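Student: Okay, here's what each chain looks like letter by letter:
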Amino acid sequence: MVRFAKLGMLVLGAVVFAATGATDPARLSADQLEKAARSDSISIPTPGELFAALGKSEKTNWSGQYRGPMPVTYRNRAQIALNLGGLIADGFIAIEAKDGQQVKNIGSDIIKLAKALGVSENLLGRGKSINEFAENNEWDTLQEELEATQNEVKSSMQSHADQDLVILVTLGGWIRGTQVVTAAIMQKYDERSAKVLRQPALVRFMQSKMNEISPELRQEPLVKDVIERLNEIEKLVSFPAGKTPTADEVRKINEAVSRMITEIESKELPK
Amino acid sequence: MKRWLPIFLSILLLAASNAMRAETDAEVQARKDALDVAGAFSNDGFKIRDGHWCGVVKPHDHALVAVNLYAGNQYWFSAAAAEPSKIAVSVYDETGKQVTTESYNNGEKAAAGFSPANSGQYFVSVNLVEGNGGSFCLVYSYK
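Note that the protein sequences, when read in sequence, are chains A and B. Sequential numbering of the first sequence, starting at 8, is according to this note's numbering. Sequential numbering of the second sequence, starting at 5, is according to this note's numbering.
Think of the hints as simulated: they come from the structure by calculation, not from any bench. Predicted model only: the values in this text are computed from it and were never measured. Don't take each hint at face value.
When the alpha-carbon atoms are kept at most 25 Å apart in a straight line, the in silico BS3-like pairs for lysine-lysine are as follows [claimed, not checked]: (1) K42/A - K147/B; (2) K111/A - K147/B; (3) K250/A - K101/B; (4) K105/A - K119/A; (5) K42/A - K90/B.
Simulated restraints, written as ranges between beta carbons of each label pair [unchecked claim]: (6) S215/A - N109/B: 29 to 39 Å; (7) K62/B - T269/A: 47 to 57 Å; (8) N110/B - A33/A: 21 to 31 Å; (9) K66/A - H64/B: 41 to 51 Å; (10) P88/B - K250/A: 42 to 52 Å; (11) V133/B - Q165/A: 46 to 56 Å; (12) A44/B - K63/A: 15 to 25 Å; (13) T269/A - A44/B: 41 to 51 Å; (14) S245/A - Q102/B: 15 to 25 Å.
A virtual CB, placed ideally from N, CA and C, is assigned to each residue, including glycine.
Make the full structure from the sequences, and use the hints.
Tutor: Written as structure tokens, this is what we have:
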């Protein structure tokens, strides 16, 4: 009798589950995941987030990751946008290094590059804030101010019908951030740090945004090269969940992003 | 008349697209409330991202956004609804499986705290548990 009662309960439970059409609330379907919203401002992490994760496991020599001053005389708008993103990432590095003078120098270069894109009107106030926070060693506030500056540059680009350049700024920042992180991991490999490099969905999202830019811009030699190299990088950062990249895999990513940086920095392109 | 039609349609389209892009007062309020929740975590060293995600959630439904997180970081996702309601925030991994989070729930304000073991894509869901639906806003902080 007891056995039948248990069976009855099981059948009843199954009927109720089927009748309500209930799905497992602890799991989303592939269709739901596909339809999830994705946006530049929340789906793409800042270089500061990446650096924060790296700083957890090993003491990083941030000032050792500086690069020489960047020319602020580029004329090609796509190249300016990519370098502007990289420069913002440099600002995050200087904040991690707690180097006020370097932050101020980079802040000044960011304003100059933004000016070259015609988006500097509202940024002068930001530049002053960056200087003040740097002088007062307010590192957390500086990090927020730098991100706010980046967002202001992007929203100014959108209002100036330069939507296509927004993703280039984001991409430039991610490439430079990845170059710095891979270089730091190569100097002192540890598994916990290397785990930050697994970002296949992030690269795919940036690829999809690059596919949305105008065909004219996509045909520009530098942009064309960046798109091709991004395809290569997507494969390099696509590790299975739980797998830690080896030192050799980290080196390969570093070489790929460094080739991109060299190209972004050095090509003299038509206006 | 025919000549004016495309111009009229263009103006209409432009106005509509501007209206779609502009944040509503309700979303601005929800964002302010979400930032209030996130502000509480700042005392523990969490930095608030300048970006946000606003939208509309219907009764007994959820709104879902993809984020990319780094192993080693700790995150708090803070949300607020503009209308009196009860909301909840949950986090799912890239396969759609719900992950265990710390939770804060206070009517129209809620937050979920999470430290990913693996870097990669995750999904944050804002669920309307009770209420008639309306605007909400989500922000996140990390350390």
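Student: Hints first: check each against the structure and report whether it holds.
Tutor: Okay, the hints, checked on the actual structure:
Annotation: proposed proximity of K42/A to K147/B is violated, straight-line Cα distance about 29 Å (limit 25 Å). For the hint pairing K111/A with K147/B, the CA-to-CA distance comes to about 24 Å; that is within 25 Å, so the pair holds. The straight-line distance between the Cα atoms of K250/A and K101/B is roughly 19 Å, inside the 25 Å bound, and the hint therefore holds. The straight-line distance between the Cα atoms of K105/A and K119/A is roughly 23 Å, inside the 25 Å bound, and the hint therefore holds.
Restraint check for K42/A and K90/B: satisfied, since their Cα atoms lie roughly 24 Å apart, inside the 25 Å limit. For the hinted restraint 29 to 39 Å between S215/A and N109/B, the CB-CB distance of approximately 34 Å keeps it satisfied. In this structure the hint that K62/B and T269/A lie 47 to 57 Å apart at CB holds, the actual value being about 50 Å. As the Cβ distance of N110/B to A33/A is approximately 23 Å, the hint placing it in 21 to 31 Å holds.
Range check, K66/A to H64/B: about 49 Å between beta-carbon atoms, so the 41 to 51 Å window is met. The supplied range of 42 to 52 Å is met by P88/B and K250/A, whose beta-carbon atoms lie about 46 Å from each other. Separation of V133/B from Q165/A is about 35 Å and departs from the stated range, judged on CB atoms against 46 to 56 Å. Between A44/B and K63/A the beta carbon distance is about 22 Å. The supplied range of 15 to 25 Å therefore holds.
At about 44 Å, the CB distance of T269/A to A44/B agrees with the hint of 41 to 51 Å. Take S245/A and Q102/B: their Cβ atoms lie about 24 Å apart, and the range 15 to 25 Å holds.
When each numbered hint is compared with the structure, violations occur for hints 1 and 11.
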